[in-house]
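Chemist: The lines below spell out each chain.
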Amino acid sequence: MNVQLTINGEPETFEVTDSDTLLDALRRNGYTGTNRACDDGECGMCRVLVDGDPTEACDVAVAEIEGAAVETIEGLGTQKDLHPIQAAFVDNAAVQCGYCTPGMVMTAKAFLEENPTPTEPEAREAIDDVLCRCTGYEKIVEAVLDAADRMNAERVAADGGSTGDPPESGSIDGGGST
Amino acid sequence: MSKQRPPEPSEETARQEELDVVSDRRPKLDARKLVTGDVKYTADYEYDFRDVATGKILRSEIAHGDVKSIDIEAAEAMDGVYAVLTPWSEEVPDRPYTSAGQSYPEPSPYDMRVLRETVRYVGDPIAAVAAEDAETAERALERIDVEYEEREPLLDFHRAMDPDAPQLHDPDEVENKQVGHDYERNREMHVEGEIGDVEAAFDAAEERDDAVVVEGEYEAQYQSHCIPEPHATLAYTDEDDRYHLISSTQVPNHVRRQVAQLFDVPIRDVRVTKPALGSGFGGKQSMLLEPVAMALHRATGRPVMVEMTREEEFTAMRFRREAAVELRTAVTEDGEILATEFYALGNSGAYGPHGLTVTAAIGKKPLPVYPRVPNVRFAADAVHTNKPVPGAQRGYGNPQGTWALESHLDEVAHEIGMDPLAFRRKHHAREGDRDEISAITAGEGAAHVIQSCGLEECIERGKEAIGYDDVEQPDDEHRHRGIGMALTKQGSGVAGDELAAAQIKMNEDGSFVLQTGAVDIGSGAESAMARIAAETLGCDLEDIVVEAADTDTTPHDYGAYASSTTYISGNAVKQAAEEAEERLRYWGAKLLDEPAENLETREGEVRSVETGESVTLEEIGYESIYGEDEREHVMGQGSFCTDESPAPYGAQFVDVTVDDRTGEYEINRLVLAIDCGRAIDPGEAEGQVEGAQHMALEYATRDLLDFDEDGRPQVTDFDEYGMPRATDQPPMETILVETHEPSGPFGAKSIGEVPTNPLPPALANAVRQAVGVRVTTLPITPEKIGAKLD
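Taken in order, these protein sequences are the chains called A and B. Per this note's numbering, residue 4 is the first one in the first sequence, and the count goes up by one each step. Per this note's numbering, residue 1229 is the first one in the second sequence, and the count goes up by one each step.
The set of hints was computed from the structure by calculation and includes no laboratory data. Even glycine gets a Cβ: it sits at the ideal position worked out from N, Cα and C. Do not take every clue at face value.
Anything over 12 Å on all C-beta distances counts as not near chain B; from chain A, calculated [to be verified]: (1) PRO14; (2) GLU15; (3) VAL53; (4) GLU67.
Listed below are the simulated SDA-like cross-link pairs for lysine to any residue, each with C-alpha atoms no more than 25 Å apart in a straight line [stated by the list, open to error]: (5) LYS1268(B) x VAL53(A); (6) LYS1268(B) x GLU15(A); (7) LYS1654(B) x HIS1642(B); (8) LYS1268(B) x THR9(A).
Which bits of chain B does chain A cover? Going by a derived footprint, with three or more residues having C-beta under 8 Å, they are [what the hints assert, rightly or not]: (9) 1267 to 1281; (10) 1453 to 1462; (11) 1505 to 1512; (12) 1742 to 1755; (13) 1919 to 1929; (14) 1947 to 1957.
Bound-form chain A, shown alone:
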C-alpha cells in the first residue's frame, strides 16, 4: 500500500506494508539519519517529531499515520549551516558516537519550542526518555541549555535587537573533513 506523509515539509509517498514501522519506511527511503537501536520503543534514540510530538519511530506503524507531518534530523541544519541546537551539541562536545544524537536533538527541538528558557533540571528531565551510553548526559544537558541561549539570541536578533556574541559553530564557509 502507499502512505502519504509530509517529511521535513516535503510531500512524500512511501510504499509500505502493514508491519512497517515509521523507522523502516524512513530508513528505506533515504532518511538514514534516524538510527535503529532497540526497535521496541524503549531507548528513544530513533525519536522524530510526528505532528510536532517526539515519537519513537520504531514504535509507530507507518500505515497508521497517513497524512502526518514528520520532522527528522535531515530537516534541521546542514554541515555548513547547522541549526542552533546542532551547533550547541557540536561546541559542547555533546556528541561522541553520535548514535543517539538525532533522537536527542529532535527531543531538544520539541522541548525548547515549548520551554525556551529551561532550568538545568528541566533540560535534564526533557532528555530522560533518550538513552545515551557515551556521555553520562552531562554535556548533552549543557548543550540543551546552550541551545536555548542561542535560539533566544536568534529570536532577539530577528526582532532587531542585539545578539551579543555570535555562536561559535553554525554557518561556516567550508573546511571540515571526512
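Given chain A's structure and the hints, the job is docking chain B onto it.
Modeler: What follows is chain B alone, placed relative to chain A:
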C-alpha cells in the same frame, strides 16, 4: 557540571601553552557529520546495494546439550529464502576458532565453531538464514525444527571446578589451549605469580603484636556494554572478485586475518572496512557476526547484511564477566603493608575468549596502584559455565579487581584505625617507582619504571572538590553522610603487544591526508590523531583529512582496545608527521635559501627563526609537486611498537547519605580526578570520564543480568536492564590532572578505560563511612545495606 581548569602555569604548563592544536577545545572533526545524521554506520550501507539479503541467526533455547538434528526443509521451501545454513553445511567452516579479536597468536583458546552442534548457553548460534527481508528471515527461523539432547547445565561458577560438575568442553576439541587449563574441571586457565615471600611475611606478621591480618571476599556481576548501535556486518564480493566486509568492529585487521584463516582464503582477498561506529566499549572487539555474514554471502552469492536485535545484544553478544575475589593483607598498626595475597575466580561462561587476559587483569591491573608493597601473591582461575560469554569490556577486569582491592584496603585502614585516604597515601604509586606487579604472571604486562604519575595531585584536588575534610551531617538523626574514595590505574595499550602505523601525504594546497589504522569508536580518536599530526606539521586541524580503519587503504593497527589509541596510534601518527615535517623544512630551506635547522613549521608556514622570512605550506605543496628542477611528494610514515604501557591514574570520591533505618541511600556527588598525561582533546577527555562514570554507576547500583534455573536470560531489553537515564545521574565533577608522560605523544597517556574502575568501591567505602556497614557484593543496594544494619 563544573569543570576545573588546570592549575596556574608552571614551567611545564608554560611550555604546553605554545601548542596550537593539541589541547585546544575546538570540536572534533566529525562532529558536524554526526549531528546532522550525514554519518554512515554499518547498517546504512545496506541501501547502497541491490539484491541485498538479510541474515538472521537461530540460537539455542537450552543452556547445555547436543543438537541431534535440524530440520530446515520448511524454511528452505519458503518464497524469498535464499539460504539456510547449519553446522553441517559446506559453506560453514569446520574448524575451531576464537571470537576474541586479539593479535596473533591469540591468548584465547580456539573452542568455538561458527554454528554449533554442542550448545553451551541459551543463545549459542545453531543455524543461519538469508532471505529477501528481515520479516521473511524471521519467519524462516520459526520454521526450523531443532531436536536437542539436553545435558545438565552448570550455572554457578563457584561450583565449576567441583568433581561432580557437568563438563562443558572436551579438551581434545579445543586448540590453542591456554596456561593452566584443565577442561575436566572446567578450568580454562590458571595463572599465579609472587613477588617477595608472601607466606613468610604472613607468618612473621602472626608473630608480631603490632600487626594484623585482614581478610575479605568480594563479588562482581555481569554487565552489558549496552552499545547504542547493535553489531552489524555487511559481506559482499566486490568488482575485483575480493571479499569486502563492512563491519562494526573495533579491530578491522584482526577480523581480516581471522576471517581469512577461518574460510581458508588469502588475506589479500579480504578487505575489512570500519564505518562510523555507534560505540563499542570492547563489545565490538569480538568477531561475532563476520563469519556468519561471510558464510551466508558465500552460500547465496548476494550481499548479506546481518544486524543484531536488542534482545541478541542482551543475551548473545559479549559482557563484563562475573568474578569473585579473595584478599588477605598483613598490616602493621602504623599502616605499613607487609604482604597482600589476591585470588580471582572469573566466570568465562560458555567459551574462553579473553578468559586468560581479563581474569589475570582482575589482579594485575589494580595491584600496581601500590607498587612498593614488598610481598605480593596473585593467582587466578577462569572457569566455564553454561552462561553467556564474557569478552572485553571497558576496564578489562579492572572494575572487578578495583572493586575488591579498594574495598578491602578501606577495610584494612578501618581495622587499624587509620583514615583510608591517609593509608592509601602511604602506599600509592609515585614517579620513579619500579612496578613489578604488572609482570607478576606471564603474559600481558612488563616490569617498568613509572615516568609520570599525578596521583598525589588527583587526591589533593579531588579531596578539595568533594570537601573531604568538612563533612556536615544532616539534621535528621537517622540520616548519615559519608565520603568514600578509591584509587585506580590502567595502561596505555597492551605492554609489548601492540603495533600501529600511519602515513601522511601532502596536498598541493598545503593540506594533508592522514592515513591511520586507528579505530575511532565514537571517542574522537580520528580527531585526536589529526590534532597530533597538525601540531607536528604546523598546520591547522582543518588542514588534516583523515582516512582511517580500512585494511586496504590505511596502514596496520591492532585496533581500539586496551586504551591503546591515543598512545600507540598517536605515537605512530607523530612519527609520520615528523618525517613529513622534515621534508617541509627541506623545501622551506630550498625556497627561503636558509639552512633547514633555522626553520620551524607553524601556523601554515615554514619560517626562519633567524630572519622571520616564511613560505606557506601551500607554496611548498605546489613547488614540491610541480617544481621545475626537483619534485617530490612530501610524505611521512610512522610505525610504532613499544614495551611501555604508561598508566593513567585516578582518584574517585563519592559523597553519600544513608538512612540507618532502611539502608536507602542517595549519592550527593561524584568527583573523579584523572591523570591522563596531556589531554590531547580536553572536551573529549572529559566526555570519556563522564561516560565512564555513568557505566560505573550502573555497575555499582543496578541489578543487571538475571537468569532462571535453566540458564534462560531474564533480561532482554533496556527497560528490564535498567541503564541509568539522565535524571538518574547524580551531580558529578571531572578534574583532568595533566602530567607529562615522556614516552607519549605530546605527553599523552590514555583515558578511555581508567575512569570506569573506581566508583563501585568508592561508593561502598562511602556507605561504610556513613553507617559502618560493608557491602561486599555488587550491586550496592539499600536491601543489602539494610540487612547489615539490622
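Chemist: With reference to the structure, classify each hint as holding or not holding.
Modeler: Results for each hint:
Taking the minimum C-beta to C-beta distance to chain B, about 21 Å, the non-interface status of PRO14(A) holds against the 12 Å cut. At roughly 16 Å, the least C-beta separation between GLU15(A) and chain B is larger than 12 Å, which holds for a residue marked as non-interface. Distance check for VAL53(A) against chain B: the nearest CB is about 17 Å away, which clears 12 Å, and the non-interface claim stands. GLU67(A), annotated as away from the interface, keeps every beta carbon of chain B farther than 12 Å; the closest lies near 18 Å.
Simply put, LYS1268(B) and VAL53(A) have alpha-carbon atoms about 24 Å apart, close enough for the 25 Å limit, and the pair holds. Pair hint LYS1268(B) plus GLU15(A) holds up; C-alpha atoms about 23 Å apart against a cutoff of 25 Å. The hinted pair formed by LYS1654(B) and HIS1642(B) meets the criterion: a straight-line CA distance of about 15 Å does not exceed 25 Å. A distance of roughly 24 Å separates the Cα atoms of LYS1268(B) and THR9(A); the hinted pair therefore holds under the 25 Å criterion.
Here's how the segment 1267 to 1281 of chain B fares: 6 of its residues keep a CB closer than 8 Å to some CB of chain A, so the rule of at least three is met and the hint holds. Check on the segment 1453 to 1462 of chain B: 6 of its residues sit with their Cβ under 8 Å from a Cβ of chain A, so the three-residue criterion for coverage holds. Proximity of the segment 1505 to 1512 of chain B to chain A, defined as three or more residues with a beta carbon under 8 Å from a beta carbon of that chain, is established by the 4 residues found. Given as covered by chain A, the segment 1742 to 1755 of chain B passes the check, having 4 residues with a CB less than 8 Å from a CB of that chain where 3 are the minimum.
Proximity of the segment 1919 to 1929 of chain B to chain A, defined as three or more residues with a beta carbon under 8 Å from a beta carbon of that chain, is established by the 5 residues found. For a cut-off of 8 Å, the count of residues in the segment 1947 to 1957 of chain B with a CB near a CB of chain A stands at 6, and the three-residue condition holds.
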